[in-house]
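**Student:** The primary structure of each chain is shown beneath.
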Amino acid sequence: MVEIELRNLTKLFGDVVAADHVNLTIEDGEFFTLLGPSGCGKTTTMRMIAGLEFPTEGRVLFDGQDVTGLPSFERNTGMVFQNYALWPHLKVFENVAYGLNVRKIPKDQVKERVLDVLDQVELEGMEDRFPTQLSGGQQQRVALARVLVINPAVLLLDEPLSNLDAKLRVQMREEIKALQRRLKITTVYVTHDQEEAMSVSDRIAIQNHGKVRQIGSPTEIYNVPQDIFIATFMGRGTLLEGEVTSTEGGVHMSIGNITLQGLDSTGSISQGDKAACVIRPENYCIDEPIEPSNVLEGEVEWTSFIGPYTEVRLDVDRHKVLVDVPPGVEAPVGGRLKVYIPYKNTIMLPLEE
Amino acid sequence: MTENWIKSTSIKDKVRKLRRELDPLTITQTLISYFVLIGFLVLPLSSLVIQGFKFEGGLSLNWFIDILTSPEYVSLQSRGGRMFEVRRGVMYLWGYDHGILLNSLMVALTVTVFCSMIGIGVAMIMGRYEFKGKAVFKVILLIPLLATPFVNAYVVGKVFNPQFGLLNFLLVDLLHILPWRVSVDGLVGLIVVQTLTYYPIVYTNVLSSLNNIDPSLEEMAENLGSTGFRLFRTVTFPLFLPGLVAGAIITFIFSLEDLGAPIGFIGATANPLSKNVASYQIYASFREALTGDISPKVSALALLIMVVTVLSYTLVKYYTSRRSYTMISKGGRWSPRLRKPRAGIQLLIVGGLLFLFILGAMPQLGTFVLASTNWANSGTFPTKITGEYFMALTTNRDVVRAILNSLMYSVVAVAIMMVVGSSISYVVAKRDIPTKSLLDLLATVPVSVPGVSLAVSYFLFFSTPLFRGSLLDPLTDPALLLILAYTIRRLPFMTRSVYAGLQQIDKSLEEASLNLGATRTTTLGKIVIPLIVTNVISGALLSFVYSMAEVSTSITLGALREDRVPITFFISQIVYGTAAVGAVSIGASLCILLMTVQITAMAVSNYVLKQKASFLGV
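The listed protein sequences correspond, in order, to chains R and D. In terms of my numbering, the first sequence opens at residue 1 and continues consecutively. In terms of my numbering, the second sequence opens at residue 1 and continues consecutively.
Extracted from the complex, chain D is given alone in its bound form (with noise of 0.2 Å):
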């Protein structure tokens, strides 16, 4: 009877409760968080959604038929392209073209399956075998997640070329293994060059699952008799396909978005085959769209592919945070189940994992190739080494100042991430509000906007009469336009790392500040930032190193005014052919400086703040 009467009152106990926890920090909080994510995520993506389905002054599923029914987009019948076609001495292996919107699926899926199987297959290798170098491997296999858009695939067409490549010359000129030439390119080539570049991304996930799960599992289906594949087949992958399903939506995601490989490949082969996806089209229209709009069809195939990824986006986040195994069990010996095999065996992983390294760092090491010798009109192999490339990057005007403008983006960029990152942490973590949960959702996927998707979304909505002429109006000047979308894109990676900080925070710390008579914002200042500013600080280099590779958004809003590019366009017009022969080299040497900064990010984070580098992942 009690009961009853205590929960006819609970209402207005809800009520007061909601007082209490809006007070003038949260309230600050929550408004900056939701500003930010409205105005730059939620308003401009929703432009795009009524910008899809626009037709004649109203509104219609026109755009989406004639993507879905023209086969210029969707064709079950091949339009054109050779796979194991041998024609003068030359093996094409190209793929069939199968229009836009296929193209890109199938190469994103395929992409998706190979990066599975190598990372799986080498995850099993790193977390379960003790082996000579292992220790290096640890560290080299990670290279192909070094930035180096457009030219790694650049360099991957270069090796693969049929007329003077490095693996034709081993394969056939050398060693006369191969009959024929072979010729990797088109959308076969794209799949060869994401794969390379995205398979760690599996790895790590699959490994850091497999770290987690507790050897005393294993053991037991040991002890009951299960072994070998029997017994990774019904304990170890189900265990670890949390893990294995988080790494593969982000590769499906970012192949799916990719512009690097396109272009670069173009700029190798001029193979019109690599531009038939459906990131390409977008940015293509992107680059007609200068001085105009961008049609409806366009925004109408950006939209689609955004619903994709979300959409998969979404649903494996909600698989994922119901299907969390690792640390069921605690207590008991936690060491885990490493084997050292025979020497034979260790040789074959070795030599295995070297194959795989070379192929990986393949566009890394050829990118350094690249700027510091004259490679990139050489021929097969370099004649001359020179340092010209590397003093490019003080001396040429326009290098300089892509390098200025994208040092000033990222850093404006990271500073917001900053307060708004630390904010929805915060509120997400340690508040007890309404809509809670829908800040955390809109902090977290933009992971899974496609870049070309945001941009598109950016043009429409930034460029309405509302804006004309402001600081926001592409047209007028992209940069805070640039530096806004870095904000939007790069905004997961800060959110998780504070998240993660301040999960390690007990409750009581904060309460005991109250307590003694501080307020709430007294006890932020005084109490939580230092006690996650380490985090705070690792996210910010993460989300600075990304800010300064970004790409879709970069070559896109950037090119918008010619003052304003950032490096990345700067490399992909290099790369495509814009610039004059030979200065590929420059683009290389603009790469190896990204990959510096990102090296020496990784390396402050991991040994001076002693925190784990987060990867990539759900």
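Excised from the complex, chain R in its bound form (with noise of 0.2 Å):
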């Protein structure tokens, strides 16, 4: 088991910067995930750890030790492959046997952990099988037993969801969650999806444009973004932009006639700044909460049933405010409804040029 270490990692691919100054360190038995829109650099960081993209600059540690030159063959990661890449001309056993073999270790032995990790991912009898005559979620499987097998220092998932369909990407996360609890190994995981980021991961890291926006918890990441690209990618939400008029108390600004009270994440918010106010739609309250509270009221333009919520959309003086409305509440098109918004769930985000 590891801890890694990325300083100042940053890679070039001639002018396109991938990863630019990326600073974190994965502590020893946690899953981490890198998390960011495609393009943004994630899957290239995780390449560096493994050793199949070398950095322009920066180091990456594991356990204090500089593995930054080490190619990927010495480093000991498991990497699971977004397409699975798993070798079409072996069967599933050779497969897997596969790093244990490169290692020497005796066949009776390769045998035996072959058997024991397919029985752990739920693919005993599969093992003289081919590749290709496997299920999606199945060759997902074969690509985690081959990286487990060798008992791996840092588990690498690139994406490794991506490609089974919805219903079995929530069961395989779940599963692989279970997994790295048992194993208790370092993981690093990679995806541009952040329900399933948030579900699996106990910290993640949001990348864009090659630098990392943000380290935190789930729920600190989607409760206390750190700047609106971050608030907007996490979940729904409504985002208006106005002037600060006072800082005392929390922050207050106006929104042409609409005035807001709500909390600043970052501190750095100050009289007169632009600045921008970021609300969930889950947050609002229908009947008058105990908590101070922001009231709006308008219009409600377009309604959409969505099962356990109605979605909303209101018209607040001419600015749309999207609301989750529980059962039971009447809300036709063209009425007007009433709602409030606690400032402590009033996210108040500097303004970037």
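I should point out that these hints are in silico values taken from the structure, not numbers from a laboratory. Just to be clear, a hint being listed does not mean it is correct.
Stated by the list, open to error - Computed footprint of chain R on chain D; a stretch qualifies when at least three of its residues, placed anywhere within it, have a C-beta under 8 Å from a C-beta of chain R:
| # | region |
| --- | --- |
| 1 | 497-510 |
| 2 | 516-530 |
What the hints assert, rightly or not - Quick list of in silico lysine to any residue cross-link-like pairs, SDA-like style, CA-CA up to 25 Å:
| # | chain 1 | residue 1 | chain 2 | residue 2 |
| --- | --- | --- | --- | --- |
| 3 | D | Lys317 | D | Ser208 |
| 4 | D | Lys507 | R | Tyr309 |
| 5 | D | Lys507 | R | Gly334 |
| 6 | D | Lys526 | R | Leu123 |
Heads up, the beta-carbon is just placed ideally off N, CA and C, and yes, glycines get one too.
Reassemble the complex: the two chains are provided individually, in unrelated frames, and hints are given to aid placement.
**Tutor:** Written as structure tokens, this is what we have:
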């Protein structure tokens, strides 16, 4: 088991900056996720941990030891590729046994360990099949077994679920999480799916344009986003831009005729600044709550029944506001609706230039 | 600001990157490749260049000026020959002699134009129409590609013979269609033979381009109101043009370096006009060089035609690499636009193709008749079927030796090609080292180097005192040089086949292996090679076939020692008339052997290995 440290990790492809001074520490046994939109550099960052890509600048340390220049085969990482990269000319058994054979483990031990790991990923009896004879979910398990069998110091998962259908994806992510808990193996997970990231990770690093924008637990990142990119990338919400009128007892902001009060999660907003207010649709209350709250009232423009709630778009002084309305509340299109948002759920962020 | 700071370190980064790329496996592969390509392609050709410029102890353009100004090589006025000339009841179609160099270029250009016209026509019919017997034509239209060196021209010469040839018998004696007998010979004879042999090269290239055109592109044009010839001119033709150019340039090169037709024609009709092309002149001087040296003038001529072929090939390759239209659009319906014409038109198509087939396959059919009957000396028709010429393949000591020699050369050459070709393809496809594109170029350019030029360069380079008496000295033993010449000349077939296989392997399959602790060498052995093994074997089969049938270096370098002669040299001797009368039938049976090997290899490649038989192209 191992602690991974990335120091100033930078990778250039020609003039394109894939990773830009990435600094982070992944703790021993942690399930750590690199999250970001496609092309943000998360896969490049992972490949530098695996030794499949080498940084232009910066260093990779495993347990304090510099492994920046080590080739992949000397790092003892186990990577599961997005397309699984199962070798089509080898049977399941041979695919899984590959890493052990390379390490010159005696034959009887190889067999024992391969069968054991296939058992763990619920693929017993499949060892004589070729990869093409397996379903997508089974192929994914073989890819996982193939790296787990060598007891890697680090488990690297590059969008491992992106090729599975929605239902299987949820099932597999629970299995992966359970397996990681059991083995207590340091795991780096790359995904662009924020829901997937939040459901499996101990901590998440959000990357955009090569830079790490925020590192934190799923709740921290969701509830206290550090900038507008993160706030809009994570979950749904309404973004209102306005001017800060006061910073006494929270940030006061005016957006046209609307005034809102909320929390400054970055601590960098001052009076007179342009700022943005982010409100998640599930945080509205229909009845006035006990906590101090902002009030918004507008005309219902559009509704969409989702099931657990109804999505409603309100027109508040010509600003569009997205609100989740619980079942049982009438909100006909054209009617008026009054909603409350507690100050603590009103996130104020500085506007970027 | 940070980005500037990053860029300033990029040179250091490049050095580190290079050091990582150059692992022991890559270094070994690169060194082996460069050793073979420099030692047996670049250096010999350089000595050819130097020899061409050498004059009275210095360097000068003397020999080139000499060639370009002497009417023997370049003459704008006709120096002889007959065209559409009727004398004593015979219409002579020989062509006019404009000097060796101009003759060569004229023949090659005419052949290229004819092949392109036939190739486009046949490809349009095969690619756009549905008709009875199409599946059969698909196979039999490729028959001209079967190797019948020298004998093909001999057969054409015999069929077109003004006295007792089959053609004149049919058209004049039997059907009385023509008022005079026809003599097709000389340069026109070369053009006819080469056109019939090479048109499938253009045809296959155009057809494959045509099949790669997204049907919706033509449908869109039709939808906008463009039909018929306008559609062809504005959409279809530009889209298959890269394929046409690729096939045409190969045809041009093959025609320019061809020795089979001139030698075969001389064997059949002894008309000296057939000799007045560059390839034959270089070959002839080789026969005189047996004991002595090759004159600088011949070197200059070999260099001249090589410059023409290599330059035009490189230009075309550059052009086609920038004009690859295939598979631009994806998705949607992808069934080719096939129309089923009316019965009358179908009949016309089948009739036309049948005519082309009979003409095109005439050399192969004739070879078979020659080998199995007494046709060689029986006049218009054979009178007796005999198996004695096939028997000679196993009983005649000289024949058996030639077969064994060719087998040995080809097998060893293919073995070397497998190592070198796979190494080059692997480095080019999967590694990122400097000079990678040079390696790629050196491995493909031999397609365009005329065999006679390579032979001259080998003779010049390896008969220098440095190699005297060694196994590389052509005057001591040409065997090793023949093997290496085959290796270099057929290397492009190998690299192309392996490269195609490597492109199918996703990068992650190798990375997964590295990640699990395997070194690059282990990864190559356990992952990469098993995945491309069918491509390697298929490339090897193709290279083997073309090595067995190799002409230019075989009949030049191969002539240097009697006990080392390969099959094609033996056939050339027979057809040229050095051997006993009637022996041309033994040559024909050797051609049947070559064709059998070729058909077997193609069948194995197509049906067992499931590889598309790579055809000739850029």
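**Student:** Within a Cα-Cα threshold of 25 Å, do D/Lys526 and R/Leu123 meet the stated pairing?
**Tutor:** holds (24 Å)
**Student:** Check the hint pairing D/Lys317 with D/Ser208 against an upper bound of 25 Å on the C-alpha distance.
**Tutor:** Satisfied, since the Cα-Cα distance of roughly 17 Å is no more than 25 Å.
**Student:** Do the alpha carbons of D/Lys507 and R/Gly334 lie within 25 Å of each other, as the hint requires?
**Tutor:** Violated, because 57 Å separates the two Cα atoms, which is more than 25 Å.
**Student:** For the region 516-530 of chain D, do three or more residues have a beta carbon lying closer than 8 Å to a beta carbon of chain R?
**Tutor:** holds (count 8)
**Student:** Please count how many residues of the region 497-510 of chain D have a CB within 8 Å of a CB from chain R and say whether that reaches 3.
**Tutor:** holds (count 3)
**Student:** Hey, D/Lys507 versus R/Tyr309, does the alpha-carbon distance stay inside 25 Å?
**Tutor:** Outside the cut-off at roughly 46 Å; violated.
When held up to the earlier numbered hints, the structure conflicts with 4, 5 and fits the remainder.
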